[in-house]
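*Asks:* Residues per chain, in single letters:
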Amino acid sequence: EDQVTQSPEALRLQEGESSSLNCSYTVSGLRGLFWYRQDPGKGPEFLFTLYSAGEEKEKERLKATLTKKESFLHITAPKPEDSATYLCAVQSTSGTYKYIFGTGTRLKVLA
Amino acid sequence: SAVISQKPSRDICQRGTSLTIQCQVDSQVTMMFWYRQQPGQSLTLIATANQGSEATYESGFVIDKFPISRPNLTFSTLTVSNMSPEDSSIYLCSVGTGGGDQPQHFGDGTRLSIL
Numbered sequence: 003e004d005q006v007t008q009s010p011e012a013l014r015l016q017e018g019e020s021s022s023l024n025c026s027y028t029v030s031g032l033r034g035l036f037w038y039r040q041d042p043g044k045g046p047e048f049l050f051t052l053y054s055a056g057e058e059k060e061k062e063r064l065k066a067t068l069t070k071k072e073s074f075l076h077i078t079a080p081k082p083e084d085s086a087t088y089l090c091a092v093q094s095t096s097g098t099y100k101y102i103f104g105t106g107t108r109l110k111v112l113a
Numbered sequence: 200s201a202v203i204s205q206k207p208s209r210d211i212c213q214r215g216t217s218l219t220i221q222c223q224v225d226s227q228v229t230m231m232f233w234y235r236q237q238p239g240q241s242l243t244l245i246a247t248a249n250q251g252s253e254a255t256y257e258s259g260f261v262i263d264k265f266p267i268s269r270p271n272l273t274f275s276t277l278t279v280s281n282m283s284p285e286d287s288s289i290y291l292c293s294v295g296t297g298g299g300d301q302p303q304h305f306g307d308g309t310r311l312s313i314l
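As given, the protein sequences belong to chains A and B, one line each in that order.
Residue 3 is where the first sequence starts when you use the working numbering, and the numbers rise one by one after that.
Residue 200 is where the second sequence starts when you use the working numbering, and the numbers rise one by one after that.
Derived by calculation from the structure, the hints in this document are not laboratory data.
One or more of the hints may lead you astray.
Result set (DSS-like, lysine-lysine): computed pairs, CA atoms no more than 30 Å apart in a straight line [unchecked claim]: (1) A:65 / B:264; (2) A:59 / A:44; (3) A:110 / A:65; (4) A:59 / B:206; (5) A:61 / A:81; (6) A:70 / A:110; (7) A:81 / A:44; (8) A:44 / B:206; (9) A:100 / A:70; (10) A:100 / A:59; (11) B:264 / A:59; (12) A:110 / A:44.
So these bits of chain B aren't anywhere near chain A, every CB distance computed over 10 Å [what the hints assert, rightly or not]: (13) 213; (14) 241; (15) 243; (16) 244; (17) 253; (18) 274; (19) 291; (20) 305; (21) 307.
Beta carbons: idealized from backbone N, C-alpha and C, even for Gly.
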């Protein structure tokens, strides 16, 4: 059964304190892995797509990496505005376009 | 990316009633999806809304409880029928604008509370 596990559930960082969020997945065949950011009262906002092991994507203070079993979202020198819930989703090659989401990591960056 | 509007943004309903949620996109899209996000839980796909044909439902979701319409390539509705407190959740519409492996984009959701 396809499954996504994110850790930690919650993370508090001081402004400027770099860290990483983890997304471990089990899928029969990976079509794509997606990272989203969700602010309170809003829908998920797309950040990155990763397709194959070894791939990396960057956007401002965020960098996403992918291995055959997990993905990391690295946050470098975070700012308070990076506070949000970060969601990971996988799509398998099973023939449907279904996403399997993790439960997310709630990130709080303190000034 | 496509602009997705959901209505209503929130509602409080009595048990036993039904509510229809609308999802409007500012451009034609190939795929539209409906998700549920319960407090502290991940997003769960309810169904894929197919234009011109019946929606494809995921395990645990049935058409009688969650009827879906998609009359064209820019609009879909989800009805939550005969509501109970367990249906209190956030309901989200998403769209796929490219190939199947392209990212989905989400509306801001409908926050539904059942008394």
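*Asks:* For residue 291 of chain B, is the shortest beta carbon distance to chain A beyond 10 Å?
*Replies:* Given that some Cβ of chain A is not farther than 10 Å from that of residue 291 of chain B, nearest at about 6 Å, it is violated.
*Asks:* For a C-alpha distance cap of 30 Å, please report whether residue 264 of chain B and residue 59 of chain A respect it.
*Replies:* violated (40 Å)
*Asks:* Verify that the Cβ of residue 243 of chain B lies farther than 10 Å from every Cβ atom of chain A, and report whether the claim holds or is violated.
*Replies:* Answer for residue 243 of chain B: violated, closest chain A Cβ roughly 8 Å.
*Asks:* Holds or violated: are the alpha carbons of residue 61 of chain A and residue 81 of chain A at most 30 Å from each other?
*Replies:* holds (14 Å)
*Asks:* Do the alpha carbons of residue 110 of chain A and residue 44 of chain A lie within 30 Å of each other, as the hint requires?
*Replies:* Holds - the C-alpha atoms of residue 44 of chain A and residue 110 of chain A are around 17 Å apart, at most 30 Å.
*Asks:* Has the given pair, residue 100 of chain A with residue 59 of chain A, been kept, meaning a C-alpha gap of at most 30 Å?
*Replies:* holds (22 Å)
*Asks:* Please work out if residue 110 of chain A and residue 65 of chain A have their alpha carbons no farther apart than 30 Å.
*Replies:* Holds. Residue 110 of chain A to residue 65 of chain A sits at ~18 Å (cutoff 30 Å).
*Asks:* Mind checking the alpha carbons of residue 70 of chain A and residue 110 of chain A for me, to see if they're no more than 30 Å apart?
*Replies:* Holds: residue 70 of chain A and residue 110 of chain A sit about 28 Å apart, inside 30 Å.
*Asks:* Just to be careful, I want the Cα atoms of residue 81 of chain A and residue 44 of chain A compared with a cutoff of 30 Å; is the pair within it?
*Replies:* Answer holds: residue 81 of chain A to residue 44 of chain A is near 20 Å, not above 30 Å.
*Asks:* CA of residue 59 of chain A to CA of residue 206 of chain B, is that 30 Å or under?
*Replies:* violated (34 Å)
*Asks:* Does residue 44 of chain A pair with residue 206 of chain B here, judged by a C-alpha cut-off of 30 Å?
*Replies:* Measuring from Cα to Cα gives roughly 13 Å; hence the hint holds.
*Asks:* Mind checking the alpha carbons of residue 59 of chain A and residue 44 of chain A for me, to see if they're no more than 30 Å apart?
*Replies:* Within the cut-off at roughly 24 Å; holds.
Comparing the model with each earlier hint shows violations of hints 1, 4, 11, 14, 15, 16, 19, 20, 21; every other hint is respected.
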